[in-house]
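> One-letter residues, chain by chain:
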Amino acid sequence: MNIKKFLERGALSRRNLLKSFGGGIAVAAFPGCSKDDDGDALIFETADSNPPSVLPEKTFKGACRPNCWNSCMLDVTVRGDKVVRTKRARLGTDETGLNGLNEEGYYDRICLRGLSHVQRMYSPDRVYYPLKRMDDRERGDLNGFKRISWQEAMNTISGKFHEIISAYGSRAVAFITGSQAYGETTGVGPYGRLASSLNASSIASNVDMALTLGLHRVFGPDRFPFFDSNELSDMPNAQTIFVWGSNISETQVQSWHFLADALDEDKRRKIGKTGRATMVAIDPMFTVAASKADYYVSPRPGSDTVIVLAMLREIMHVRREWTDWEYLFNDTVAPFLIREDTKDFLKQSDITGSDSDNGYVGLTIDGSFSYTSPNEKGKPVFSGTYSDYDQEGDNISVSLANGGAVNVSTAYALLKNHVAEWTYDKCMEYANVNEETLKKLTELFAAPENKPVTVYPGFGTDHYSNGHHFAHALATLSCITGNVGKPGASCGLFIPFGFVLNTVPLASGGASSNIPYLQWRDVMDTGKFRGEDYPIKGLWMAGGNQISNMGDQKQNFIDGIIPKLDFIVCSEVVMTDSARYADIILPAAYWFEAPDIVAKANHPFAVINEKAVEPVGGAVSDWKITQLFAQAMDKNGAYNIYRDFAYTEEEYLAERLKGSVDYKGDPITYERLKEEKSIRYLSNLAKNGPFIFGEDGIYKGNATMRAEFYANNMNLMMLTLYYMNLGRDFTEEERAFERLPSWEKPIEAWDGPGKDDALTAKYPLAYQQEHTRWRVHSQWFHVEWLMELAGEPFVMINPQDAGDIKTGDMVKVYNDRGYALVKARVTEKMRPGQVSIPKGYQRSQFKGGGYQELTTVKYHPAAVNQAFYDARVKIEKADI
Amino acid sequence: MPQLVMVIDQKRCIGCHSCSIACKLENNLPKDMFYTRVYTNRVAYAGENELGMDEPEGSHVISGGGFVNTPDRRSLMLKYYTKGCQQCAKPLCVDACPYEATYKREKDGVVIVDYDKCIGCGQCVTACPYNARVSVTGDEEYYKGAQDTPVGGQGIPPHKKNTVEKCTFCSHRLDAGLKPACIEACPARARFIGEEDNPSNEIYPMLNGAREKECLLPEKNTEPSVYFLK
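Order-wise, the sequence lines are chains A and B. For the first sequence, counting from 1, position 77 maps to 77 in the numbering used here; every step adds exactly one. For the second sequence, counting from 1, position 164 maps to 164 in the numbering used here; every step adds exactly one.
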């Protein structure tokens, strides 16, 4: 590039200026440029081309913490005042929990996203200063912003919020947050605190809740969501691994090596196992993970629950010898008696008439009853041979204290009867899985030679409206086969969210009200939620890019909700789909620009994140943003909320860690974490192996202390109280239906028996949004190194569905809710009948529309979960 | 001459491109330039973009409701070849260079370009059957961390216009006692390096064990130094 060209381009936007200034040769054309003096010439061409010397640099510990779960520890290298490199660093300090496979540090990892932080931090799309939408510009105009001072930003926001709260009450201000960072001073954390402090409304994102609901129904709600599994370093102990609705090999590439080791005979020999494990993948899409599996099944989208129910039938009715009777009767509610009239558990007090008798009733072989205390795990009540238990436990009459009688059955017998309808033929008809395949899957899950079994479920099944039934069924299957609570046996996710963190008490305020995103538009239209006034006028979007990640993006969010809001603030790191719809954008510091701690991950370590550099431009940490706002707000009147934020970042982190202990019971303090960098807080009972979920067989979140495959906890049958209060009453029939894992067809995607003929004719293809290696949800959407490989948005379609559409053609993907203009990719990755647009591209990256316009806000009332994959579309060639 | 070889375990490799990005970061490579990239079986030696990436062989057979894949019968296949310079024992590029700018290092057999001697004539680019070399013309757009701070590793040879570049097995890192950046970064732990004939090396049992191994384009008689374990 010559000087003239360089100067011409330099006159353009800052974005272009940055790019051209980045040209190595262009820089070399300015030998007198002072910017070259601090080391530039050492990398780029010099007159004498002497070998370069070592540049002065400093390395900090950083925690990469998007919501990919992995929270890797990185070495963050700084030269001058800039981060120039990230690399994998040591996570963990000793051999505990590593399963004897600690070559190169078993938890040391990085991925292509972690390697490209420098481009995220210094991207032309980075928000450098507070920005205000210009008066003559529409919301959504990417170029409609001008720079303002922090003072003007905070005066404007606090002034507007004060105005709204004065007129409509504190509920009229709402916060919507996402999963941008698993941190405490960066990302979502500070805004939840601010919403509570202000008594404001919170919009819950309703994401990934179905998997949690189903698993927590069975294993209890005493933990945060997403924590129902053994530590990942335990995976090589499994004999069989089911990867079900997950593409671990793209979305958690950092965790793939645990699974790869299970498939590696040499690695298995080191932990005393013979031969490699077997891998099974179940996914309608031929993912990278599926390509690694020994057995791969491509079921009809949304039918996974049927497969589990049919496997349960195969075991309970045909291969009864594969039942783990001991686990079933010692650790689950299998022997407990269920009343036919109420569908509820028979209580000791039902028989004795004394309210102080609060035990549950289980059956013994001679027909007498045994009581178990809810305060300690009940001892086995069964005294005969396990195999004939169900014949004794079905439909017997019990005399009650009130003089009446009621028919009861054991939970085991109810389940056995419940799954009886899922024959081979029916499984084939619904799930497109035949008898031979089903029998083999069951054998792989339950036969002694294939145990222990680990299931690694992703959120693929969760993204259909019936996802909670799948998870409930899966946990039940694991109970029946005893694939729980042992090394190599588990069936959930290992993300012990916030396990070690203290909730720093608020001085003011209280709990903010949770409004489900899935009902938010109704609340905006009616001004009411649960019958009460919620006149929401102000919105703060933070810690995530919710306009990109919430269902039915255009009709529901952009056109349905955004125009009804008087004022919108967005805290962001880069210019996202969400930021462009804000009236004020606040520049949030990037992860290595502020001190932080991370205790949310798919590993059992608390991790330090050291501040490596000052934030770019005028950015400050999310914690400081909330501090600045609290100060400004207090000036408006009697809010008095700053006292909840009167901590420096590091003081706050120290408070958060108070009361935390490591796996030995020793305190984890901020000072200690700064010294040791990472501290393990979980291991197994022997304190030296991988953490094993349910190892003691005590499920202390459940009233029975047992695994409740027959759901006992009313809150968990319906998420109404546990996560989401819809203000909706459920009928007795609905409640009874949710007790056992059941089949319900997906709301929209379904094209099997009972399908909506008109809908499937109008929109012939099911639609999902593959999560790929290039992004974590929408994060990294703008990173050029990755975009050189990821390319522009495209839709994947099987050749059988493509008709005259060829790879490279522009096509319009559409339904009643919206559209996306994309290139077509005709590929065997897709199952015939389903298409996919990779998730996370921003609206500005599409030729028209966007991937998230096509998704729905229809939901199952028990799960209140976004069913992103439960959608149908049509595809046509586009003339552009 | 001792020969360093790289071993890529295809059972572990998930085609995630972390090697490509680690290389790009380490060597501060400009826009659209990669020393190493990931190819699938179907397009192993051809160009590829996002519309062909991860493309399996075979077809997505669902009629009859059987397994698509079992250990004995696979309807769909996907495996990855990460491809950079093959550090050939008999490199055609070295023979093709009129200026002796490209040569094999005595100590480890790594093929190096001396940017002071190279004039970018491109004869090596044409000679290389693996399309592993890239011409640097001076029009490249280099990314830099922030305005004026170059990114990447220490000690990379300065980029110079009118030269040809390629993967060096991160010779600057080898000289500092470090493994190449792609190996350090590989989350699948699928990449290994070592001297080919040294039995004390971790790659020795891999190359001399029961696993079948493959090199790219053996018919070109270049004796490439990158092995794929099947």
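Please keep in mind that the hints were generated in silico from the structure rather than gathered at the bench. Fair warning: this is a prediction, and the values are worked out from it, not measured in the lab. Heads up, a few of these hints could be off.
[What the hints assert, rightly or not] Below, in silico cross-link-like pairs of lysine to any residue (SDA-like), each with a Cα-Cα straight-line distance of 25 angstroms or less:
{"no.": "1", "chain 1": "A", "residue 1": "K273", "chain 2": "B", "residue 2": "P205"}
{"no.": "2", "chain 1": "A", "residue 1": "K87", "chain 2": "B", "residue 2": "P205"}
{"no.": "3", "chain 1": "B", "residue 1": "K79", "chain 2": "A", "residue 2": "S844"}
{"no.": "4", "chain 1": "B", "residue 1": "K31", "chain 2": "A", "residue 2": "S844"}
[What the hints assert, rightly or not] So these bits of chain A aren't anywhere near chain B, every CB distance computed over 12 angstroms:
{"no.": "5", "residue": "A281"}
{"no.": "6", "residue": "T287"}
{"no.": "7", "residue": "S298"}
{"no.": "8", "residue": "V318"}
{"no.": "9", "residue": "S513"}
{"no.": "10", "residue": "K528"}
{"no.": "11", "residue": "D566"}
{"no.": "12", "residue": "E676"}
{"no.": "13", "residue": "E788"}
{"no.": "14", "residue": "G808"}
{"no.": "15", "residue": "N815"}
Don't be surprised by glycine CBs; every beta carbon is placed ideally from N, CA and C.
> Test the statement that A/E676 is away from the interface with chain B: the closest C-beta pair must be farther apart than 12 angstroms.
holds (23 angstroms)
> Please verify whether A/K273 and B/P205 have alpha carbons no more than 25 angstroms apart.
Since the Cα atoms of A/K273 and B/P205 sit roughly 20 angstroms apart, the hinted pair holds (cutoff 25 angstroms).
> For A/A281, is the shortest CB-to-CB distance to chain B above 12 angstroms, so the non-interface label stands?
With a cut-off of 12 angstroms, A/A281 comes too close to chain B, as the shortest Cβ separation is near 8 angstroms.
> Using Cβ atoms and 12 angstroms as the threshold, tell me whether A/S513 really stays out of contact range of chain B.
With a cut-off of 12 angstroms, A/S513 remains clear of chain B, as the shortest Cβ separation is near 41 angstroms.
> If you draw a straight line from the CA of B/K31 to the CA of A/S844, is it 25 angstroms or shorter?
holds (21 angstroms)
> A/D566 clear of chain B by more than 12 angstroms, beta carbon to beta carbon?
Nearest chain B Cβ is 37 angstroms from A/D566, so the label holds.
> For a C-alpha distance cap of 25 angstroms, please report whether B/K79 and A/S844 respect it.
violated (33 angstroms)
> Examine each Cβ of chain B, and state whether all of them lie more than 12 angstroms from the Cβ of A/E788.
Its Cβ does come within 12 angstroms of chain B, the nearest being 6 angstroms, so this is violated.
> Is it the case that A/K528 keeps its Cβ farther than 12 angstroms from each residue Cβ in chain B?
At about 46 angstroms from chain B, A/K528 clears the 12 angstroms cut-off, so the statement holds.
> Far enough from chain B: is every CB of that chain over 12 angstroms from the CB of A/G808?
A/G808 not clear of chain B: closest Cβ-Cβ about 6 angstroms, inside 12 angstroms.
> Any Cβ of chain B at or closer than 12 angstroms to A/V318, or is the non-interface label fine?
holds (18 angstroms)
> Say whether it holds or is violated: A/S298 keeps its Cβ farther than 12 angstroms from all Cβ of chain B.
violated (5 angstroms)
Hints 2, 3, 5, 6, 7, 13, 14, counting from the list given before, are not met by this structure.
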